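Novice: Okay, here's what each chain looks like letter by letter:
Protein chains: 2
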Amino acid sequence: MGIFYQREELMPDSKTVVKSGSEKSISPAVIKRLPRYYRYLGDLLKNNVVRISSKELSQRMNVTASQIRQDLNNFGGFGQQGYGYNVEYLYNEMGKILGLDKTNNIIIVGAGNLGQALANNQDFDSNGFKIIGLFDVNPRLIGMTVRGVEVYDIDMLETFLKEHEVMIAALTLPKSKATKVAEQLVDLGIKALWNFAPVDLHFPEEILVENVHLAESIMTLSYRIHSHNQ
Amino acid sequence: MGIFYQREELMPDSKTVVKSGSEKSISPAVIKRLPRYYRYLGDLLKNNVVRISSKELSQRMNVTASQIRQDLNNFGGFGQQGYGYNVEYLYNEMGKILGLDKTNNIIIVGAGNLGQALANNQDFDSNGFKIIGLFDVNPRLIGMTVRGVEVYDIDMLETFLKEHEVMIAALTLPKSKATKVAEQLVDLGIKALWNFAPVDLHFPEEILVENVHLAESIMTLSYRIHSHNQ
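As you go down the protein sequences, you meet chains A and B in turn.
Heads up, the first sequence is in our numbering, so the first residue is 2 and it goes up one at a time.
Heads up, the second sequence is in our numbering, so the first residue is 2 and it goes up one at a time.
Only true hints are included.
If several chains are the same, the list does not tell them apart, and a pair holds so long as it fits within one copy or across any two.
Lysine to aspartate or glutamate pairs mimicking DMTMM-like chemistry, simulated, CA-CA at most 20 angstroms apart:
no.	residue 1	residue 2
1	176	217
2	192	159
3	47	217
4	192	102
5	192	206
6	103	217
7	47	94
8	47	201
9	56	201
10	181	207
11	103	164
12	103	166
13	176	124
14	97	217
15	131	217
16	47	126
17	97	126
18	181	206
19	176	44
20	181	44
21	178	44
Honestly, the hints are just simulated from the structure, not real lab data.
Computed from a predicted structure; not experimentally measured.
Okay, chain A solo, but in the shape it has when bound (with noise of 0.2 angstroms):
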């Protein structure tokens, strides 16, 4: 699945899908779309908005009515037609789908200033995600507290980990460090990456890794700066 997924974020017009657990194929397209959703359902619920319409809800998100009730229908639908969306049922929902019912333990690797930004997200807590711990080499680093959690030597990696169940291991490294420290995770069990280094890693298909590719984001941006004003 990591391997499918990986392709497709490099190939967004292809066809390629990825398996759900309930056997039902759903893009890559549609399951990036969803935590867009849990942020605006979560945001109208804030503002104590009980029913929404597809229609209402589209305009909202600047996308179509029927884009929405295609993609939750790939969950099953929750409207009711006629009757539009349950506020808090379908953020509950979706809240379920996105696995954020559940606790997810984060370790991040690289403690410097983008280690600790991400530390540093309060975003994260509120979404059950839980950083129990940071890693890194520079002594410096090492036992000082980002928002109450500790800098441990990366010597302590293998240890912590047969201590502590870990969902993802953030990666926030130099880019010469990335592919080793990726790989000593996996060894050590770890099945998730959320790699920032601009490296791209190989694994099996069951090892998952998200990129978040900061330069080529910043390239795009370049790209459409210049190309709009030739």
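Chain A is already provided as a structure; the job is to place chain B on it using the hints.
Specialist: Then chain B, alone, in the frame of chain A:
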């Protein structure tokens, strides 16, 4: 163009296209792949590879050779049948397409960990991106420097933008402040926003917005973990 692109990001299946300067329509999916080609070509160049076939490049990048040829044909094509690509030439041409042959001055609004992480990222420098100022409201941050770049009081924005040509403003601010600051920046003439706050910005289409939604990225990973484990 901004709005088109934002919709496309949301709906990678759709057939929305962006017009390039040469009046040819290039799909956002192609544009998203360009930085990855550029990265691979840069790595090849560093390893003194002079020439590469689309087949060999495709194996390294895990895309099909026909995809590569199709993508590059959008820009006129750069290979010779049966002869492959000249790596250095293709790298440089790709850089021009991405606007990296020009200096892109950047300011970062929000000098916390994430803003500092971006300012510390040396990948940007080598690609023509030049961070020329950070801005914050926090008196403890104002006056410090990150890799030689000063953190200014956010009240200095107007003066600074009159005195410097800034292509891109990165928003590394809390969600609650992002919209207001973004509007202020657009009023002051900024045309491209690199937005890290988990909020959708609504501007006329000539204002380009590139979003990096970290919480959505990890939720997608969480979805994959839990649907995989079911």
